[in-house]
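**Q** In case you want the letters, here they are:
There are 2 protein chains.
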Amino acid sequence: MEKVKVIQMGIGTVGQAATRSLVGKKGLDIVGALDMDKERVGKDLGEVAGLGKKLGIIVTDDADSLFSKTYADVVIHITCTYLHEAYPQIIKPIQQGMNVISATEALGNPYVSDPGLAARLEKLCKKHGVTVLGSGLSPGFTSDYLILALTAACSELRSIRYKRLSDVSAYLGGTVGRHFGLGLSPEEFKKGVEEGEIIGHIGFVEGVQTIADRLGWQLDEIKRGMEPVHDEKGQFVSTRTIVRGIKDGEVKIELDLEAFIDPKMETMDRIIIDGVPPIDMVIKPVIPSVPATANALVNAIPHVINAEPGLMTPGDLPLVFALENDLRLFLK
Amino acid sequence: MEKVKVIQMGIGTVGQAATRSLVGKKGLDIVGALDMDKERVGKDLGEVAGLGKKLGIIVTDDADSLFSKTYADVVIHITCTYLHEAYPQIIKPIQQGMNVISATEALGNPYVSDPGLAARLEKLCKKHGVTVLGSGLSPGFTSDYLILALTAACSELRSIRYKRLSDVSAYLGGTVGRHFGLGLSPEEFKKGVEEGEIIGHIGFVEGVQTIADRLGWQLDEIKRGMEPVHDEKGQFVSTRTIVRGIKDGEVKIELDLEAFIDPKMETMDRIIIDGVPPIDMVIKPVIPSVPATANALVNAIPHVINAEPGLMTPGDLPLVFALENDLRLFLK
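Chain order of the listed sequences is A and B.
Residues 86 to 417 in this note's numbering are what the first sequence spells out, letter by letter.
Residues 86 to 417 in this note's numbering are what the second sequence spells out, letter by letter.
Among the hints, erroneous ones may be present.
Under 8 Å between C-beta atoms, here's a sample of chain A residues computed to sit facing chain B [unchecked claim]: (1) Ser106; (2) Leu222; (3) Tyr230; (4) Ala238; (5) Leu300; (6) Gly301; (7) Asp305; (8) Ile307; (9) Ile364; (10) Met366; (11) Asn391; (12) Ala392; (13) Gly395; (14) Ala407.
Derived, one-sided and incomplete: chain A residues facing chain B with beta-carbon distance under 8 Å [said to hold, decoys possible]: (15) Cys165; (16) Ser240; (17) Lys276; (18) Pro362; (19) Lys369.
Cut-off 27 Å, straight-line C-alpha distance, at most; resulting in silico cross-link-like pairs (DSSO-like, lysine-lysine) [said to hold, decoys possible]: (20) Lys248/B with Lys417/A; (21) Lys248/B with Lys369/A; (22) Lys369/B with Lys417/A; (23) Lys211/A with Lys417/B; (24) Lys88/B with Lys211/B; (25) Lys417/A with Lys208/B; (26) Lys369/B with Lys349/A; (27) Lys248/A with Lys248/B; (28) Lys349/A with Lys308/A; (29) Lys369/A with Lys369/B.
FYI, nobody ran anything at the bench for these hints, they're computed from the structure.
Heads up, the beta-carbon is just placed ideally off N, CA and C, and yes, glycines get one too.
Bound conformation, chain A alone:
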C-alpha cells in the first residue's frame, strides 16, 4: 500500500510541532507545505520546523499552484480561529478531493457559530467525497473527546465540568497574548473587548455542543462569559473564559479556562463528572497546548481517511491513540 500523503497548511508554532510529529510517523509522507509568512516561504520545511535537517519540501505561498499540482490524502490546516477565515482556504484542497484536519477552533463544531456556512461546507465535502475534522487540544481533546471517553464508565449523568488552569506567560506580546488581553488594566481590557481584539479562548461553545450532541442533551442555551481577573491593587491576574450549557435552568456542562501570567502557579486540567460513579480527574501539570494540539491533529489522520464524507467533530471520532505503528494498518 502506498504511503499516506500529507500537505501542511500553516507552519507557525503549532504547525512546526505538527511537522515534528509527522516526520516520526511510519507510512506517511509530507508532500507539500504552505505558509504566507515571507520569513518561511522558500525555505525547507525541516529547517522552518527546527528539525536540524532538510525534508526536501520547500515552503510555498502559492496555494493554487500547490493544490492543483500536488495531491494529498490529508491536509493539516493550522492557520486561523474562525470559520469564515478557514472556509476560503480549505475549499481549494476539498475541491481537489483532499480530506482536511484543521485546528480552526470553530470547525470543532462548525454548525454552532455559522450554520449557513457549515451547511455549504458539508455539501462541498459530500460532493467531493472528503471529510473535514476540526480538532486539537480544545476543541479536540481535553474539553470534549476526553470528557466523552471518561463517561464510558458512567450512567445517570447529571453534569460535566472542565477547568483548565494554564500559565500563558510565553504568549505575552504575541497574538494569543493579545486575544487574552494579558497584563492589561481593567480599562484597557474593556476597550480591547469593545474593539474585538480581546476574545478569550475560542472553542468552548463548540465543545459544549459536541458533548451535548453525543449525550442527547437538548440545551436551552449556551452562555459564554469572558472577563479579566484583577487583584485588589488593579494588577492583572488572569483572563477567564467560561462557557455553560444550560437546560431547565441547570448548568449541565461547564467549560472554564483561567489563563494567567505566573510561571510559578500550579497548572492543571480537571474534569469532574457528576454521575454514577462520579469521576474527578486531574492532569497536573496542564497538558501543554502546542504539542498536544499538533498530535491530536496528526493522530486523527487514519480515522479521517476512514470516515464517511462530510463534517466531523471530535465526538464522532473512534478511539484515537498515538500513531506509533504504521498508520496504514489502521486504514479500512
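Chain A is already provided as a structure; the job is to place chain B on it using the hints.
**A** The following block gives chain B in isolation, referenced to the frame of chain A:
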C-alpha cells in the same frame, strides 16, 4: 426502529449494577435473565437487582430453554474470569446469532491466555455473524481504553504506567477477597498461591497486550508478579499485582494494582505517559469497580452491534460514551 434486546447472563453484584444501568437506557429492552444461584432463580429481575420494582423478567437457570426461545441483539455476560469457563456458556447465544459483551477478564484479549480456544471462538463468531467483546473496568476502561485515549495527544511514546490503589475491605470473606488473599499471613498467602486459590487481579496481561497491539510495540515478554505486602509485624497490608510488558530489556508498559484493606487510605487511579508531551493523570478517589464495570459493558452495546463479526478488544472500540441518548441513534 425496534428497541435493542438484551439478555443478562449472571446477576451477581456486577450483574445487578448492569441491570440498574440497563433500565435507565432509552431504546433498549431487557428480554431475559439467567443465573445459577437458587436464591435468584424464579424471582423478578427488578427485585434481584434491588430496583424496588418488578421488570416482568423472571430469572431462570435454564440456558438452553432461554436461548432457544428468546432472541437478543446482545448478551451481557458477567459470570467468570477465565476463557475456558466462559466458552461453554457463551457458545449457546453465539450459535443463536447473538452478540456477547462479557466481563470475563480473559476475553479482554483472549489470544493472550489461550490462543487455541480464542481462535475457535473467533471462527464461531464469524460463522454466526456476531461480535464478542471483553470489557469492564480492567480490562475495558482504566487499564487499556483510557490509556489509549490519553495517548491521542502524544507522540514519541517511551513508556506507559498505570497504578491503581484500591481499598477492597468490602470484599473480605467473599470470592474476590479469597482471590486477593486478603488478611492472610505470609505462610497462609504462600499456601493459597500454591493451591491456586489466590490469583490476584486477572486482566492486566490482557491490558498490556491490547495497548501493545494498538501501539505496534512488539514486546519480548510480559511478566506477571503477584505478592502480598506485610508490615514489619507480619500484618497483612495489601496484595499487589504487577504486569510488565518488556522490550529490549526496558519496561514499556506497567500495570500495577495494590489492593489493601483500609477504608481510610487514599485511593486512586493514576496513568503516567512518558511521551511528547508527558501526561500524569490522577483520578481520586479510585473509580469504583462495580458500577464502572457494569457501565463499561452496557455503554459498549451499540458499538458491538455495529462491529464486524469476530473477537473485539477494548482497543478496537470507537469512542465510547455514556448512553444518555436513545442508543438506536448510534446504530449504523
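**Q** Could you check the structure against the hints above and give me the numbers of any it violates, in ascending order?
**A** Per hint list: 7, 8, 11, 12, 13, 15, 17, 20, 22, 28 violated.
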